[in-house]
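Based on the sequences and whatever the hints tell you, model everything.
In case you want the letters, here they are:
Protein chains: 2
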Amino acid sequence: MVARKIVLSESEIPRQWYNVLADIKMNPPLGPDGNPVSPDMLAPVFPMNLIEQEVSPDRWIDIPEEVLSIYAIWRPSPLVRAVALEKALDTPARIYFKNESVSPPGSHKPNTSVPQVYYNKVFGIERMTTETGAGQWGSALSFACAQFGMECRVYMVRVSFDQKPYRKAMMETWGGKCVASPSTETKAGRDILEKYPDTPGSLGIAISEAIEAAVSDTSGKTRYSLGSVLNHVVLHQTVVGLEAKKQLETIGEYPDVIIGCAGGGSNFGGLAFPFVLDKINGKEIAIYPVEPAACPTLTKAPFVYDHGDTARYTPLLPMHSLGHAFVPPPVHAGGLRYHGMAPTVSQLVNEGILEAKAVTQLDALAAGILLSRTEGIIPAPETTHALATVVEEAKKAKEEGKEKVILFNWSGHGLLDLTAYEKFLADELSNFVLSDKEIEEAEKVFAEFPKPEALKSR
Amino acid sequence: MVARKIVLSESEIPRQWYNVLADIKMNPPLGPDGNPVSPDMLAPVFPMNLIEQEVSPDRWIDIPEEVLSIYAIWRPSPLVRAVALEKALDTPARIYFKNESVSPPGSHKPNTSVPQVYYNKVFGIERMTTETGAGQWGSALSFACAQFGMECRVYMVRVSFDQKPYRKAMMETWGGKCVASPSTETKAGRDILEKYPDTPGSLGIAISEAIEAAVSDTSGKTRYSLGSVLNHVVLHQTVVGLEAKKQLETIGEYPDVIIGCAGGGSNFGGLAFPFVLDKINGKEIAIYPVEPAACPTLTKAPFVYDHGDTARYTPLLPMHSLGHAFVPPPVHAGGLRYHGMAPTVSQLVNEGILEAKAVTQLDALAAGILLSRTEGIIPAPETTHALATVVEEAKKAKEEGKEKVILFNWSGHGLLDLTAYEKFLADELSNFVLSDKEIEEAEKVFAEFPKPEALKSR
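In the order they appear, the protein sequences are chains A and B. The numbering used here applies: residue 1 is where the first sequence begins, and numbers increase by one. The numbering used here applies: residue 1001 is where the second sequence begins, and numbers increase by one.
Careful: at least some of the hints might be erroneous.
[Said to hold, decoys possible] Derived DMTMM-like pairs: lysine to aspartate or glutamate, alpha-carbon spacing no greater than 20 Å straight-line:
1. A/177 <-> B/1422
2. B/1005 <-> A/66
3. B/1087 <-> A/65
4. B/1005 <-> A/12
5. B/1177 <-> A/427
6. B/1423 <-> A/162
7. B/1246 <-> A/10
8. A/177 <-> B/1427
9. A/164 <-> B/1066
10. B/1005 <-> A/65
11. A/5 <-> B/1012
12. B/1164 <-> A/422
13. A/87 <-> B/1065
14. A/177 <-> B/1428
15. B/1164 <-> A/65
16. B/1087 <-> A/66
17. A/423 <-> B/1162
18. A/5 <-> B/1428
19. A/87 <-> B/1066
20. B/1005 <-> A/10
21. A/423 <-> B/1172
Hint data in this document are derived by calculation from the structure and do not stem from the laboratory. Being a predicted model, the structure only gives us computed values, none of them experimental.
Laid out in structure tokens, this is it:
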């Protein structure tokens, strides 16, 4: 009997994160004046220890003991050999996945919410604010705040707040406070409500409210937290890839293909970056970030300077972007419905180290059903995008008769997103693919911003 | 740093289940004629290999390789040291729990749904039927049927069907079919609908429909499956206690107190029975099944012969029972809202080997909140009943200054039951405690049935 899972003991959780900034060249984020942002400009938003981590050039960064001790609630996560999927596809490929759905909030997100809350607490902060769309990130931050005895306030996009009441209940069970956005708590919220009393809200507005709530606390004890895109966020996620590497080593395997879904880039980068280091050093690996065809940031949008949020509060980030005002079609892709992409992931795509792919909603959910019925776990809608590509690669391996080793990230379970499967099974969903014209239109918002340089890291 | 989790590799999953029938004396189940039921009378309902297991006197029963291979999707489950809870309660007790929430359906239920479907398949069965109340059992059976390529039809109590659409979506994602009960598919369902078109349904009706759907299939290829109460069901769950024992041995621990919530008795018996064997052999252990004060089967109801279902389809079982027509108050206790109890658990309570406890809804959910914020996992409403007793025992250990070792079963997570926490946090719930008069009234239904003997196993 082939072992399904490779498990490690707690003492084998990696002790350091891998910082890809040590190995690639990056364009700097720019402030409103067009000049590179200085750390102190970010100080009202993030604590200085995290800002230092955001710009650190060190290749390896120690994981604090306090963080390791909370990681141990669910880490090391299992590395699973997808034996049932292999059998169903009759493929010679050996398929492995990191099961990040085992964390209490059900996704990879607490890999960064826990250290973020820890660093804030060490810095003397008492309250955290953030936004959440589908609810995964707000849940993960509430979970982490409960662990450190911190207050947590989550601005949740109203339409999701109304459609997914379980997410609010989850956050509040952990002691967080979840507010529908736009709210009357912030000026940003009130302004929008005055103009559009019936607005369903947007991630852009929710980010504005969360940032405002943090910077306007005159006690200085509140900071804002972001769940993806930024360097320190992806850094924290590299515990996933480092663990996977260790686990594969114990059985003498090394991946030929690495696959992860990509919205802001954090679960993808978390798995892939430790292998990117090997690729930079000469290893031959195919590495695929996978995005929704309805939100084709890496596959269709240009590499530009753009804001991370609709309200233009963030610095200009060098990234692939569909434009900060872009509103993706209503596909069931949760956190993948984001206009931008982590600058690190964007840079690595530019250099050809990563090769981006896009899949349609129906292909993604069909793969989700196949994996639910073979490997047993019901995947999050985000994860199904990686799965569709895994299935495609496994079929290709069969055609080519190649014993490829495929590694992917099972970023979360879909137990709070079952509506997507219900609608798929009832044949109520269709595909959305953006036309070139729609993309051109969305891109107008960054036409006048400075352009990043085409850097070569190697 | 104290390790939070004791993990084992797949090769360490127990290879045999423990059958408590080998070590205790039991009254036999009785047929409609008042005589002991013979195996062939059950043949239209269950496959013969499971009927043989139901009455087997063997102490150890081999777990088939095919079952072990599917158990390996989530087993061995972690044994967790509840360090954060210990700290919060400042108790000298060392508290451990078996985390059964890690299975894909999120509870201990697949420990028996997987072998049940396996034995049915081996026997040549192609379709399974069952009922489900809150949805845990129907989900677990759908999951298992997907693994073995079997059809699955679940009759779900209409009120839950309407209130918990995610459960239906979950079952159907695994390929099961979920029908609101009463349905027009069965005579039992049609009869009820004719009389009471607006009935919310009941577990009793749903059982009737599931049994009828199985026995009326003239091809002989359909059988019914039950998720608790019966001997073979609790037998399959003993993998939990056997694993826990192994895990505790690796760190040189042995429990002084064992706690599990008890509805039909399967998660409780699964954890406790391997230790009951030790207790019978002279070990001093306190073992507590915990039930809702609103459904006090073991703590308030007599030991009698009664039917397992409202429609009186099942044989008469020797058990503690509130009466087969009993409808418990609307507490958030999911699968604990059952009028009867596993005959094995009942017998062991009679003999004083187990000491039953009852807790109120508000105490249970308060413990659920405490555990969510310390250990991180949001427990199922059922599990919170065990938790309230764990908290009480830990406080007692503190008062007494005793270094007790407490072991309990975290039977499932509450991610599809978050409404209970939402209402609790909003202060919308109250306690229900049954009056003696209400209990007397409910007990009239078994007044004329034969009485079981007061047996002594030791």
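Where does the structure disagree with the numbered hints, that is, which hint numbers, in rising order? Violated hints (numbers, rising): 9, 15, 18; every other hint is consistent with the structure.
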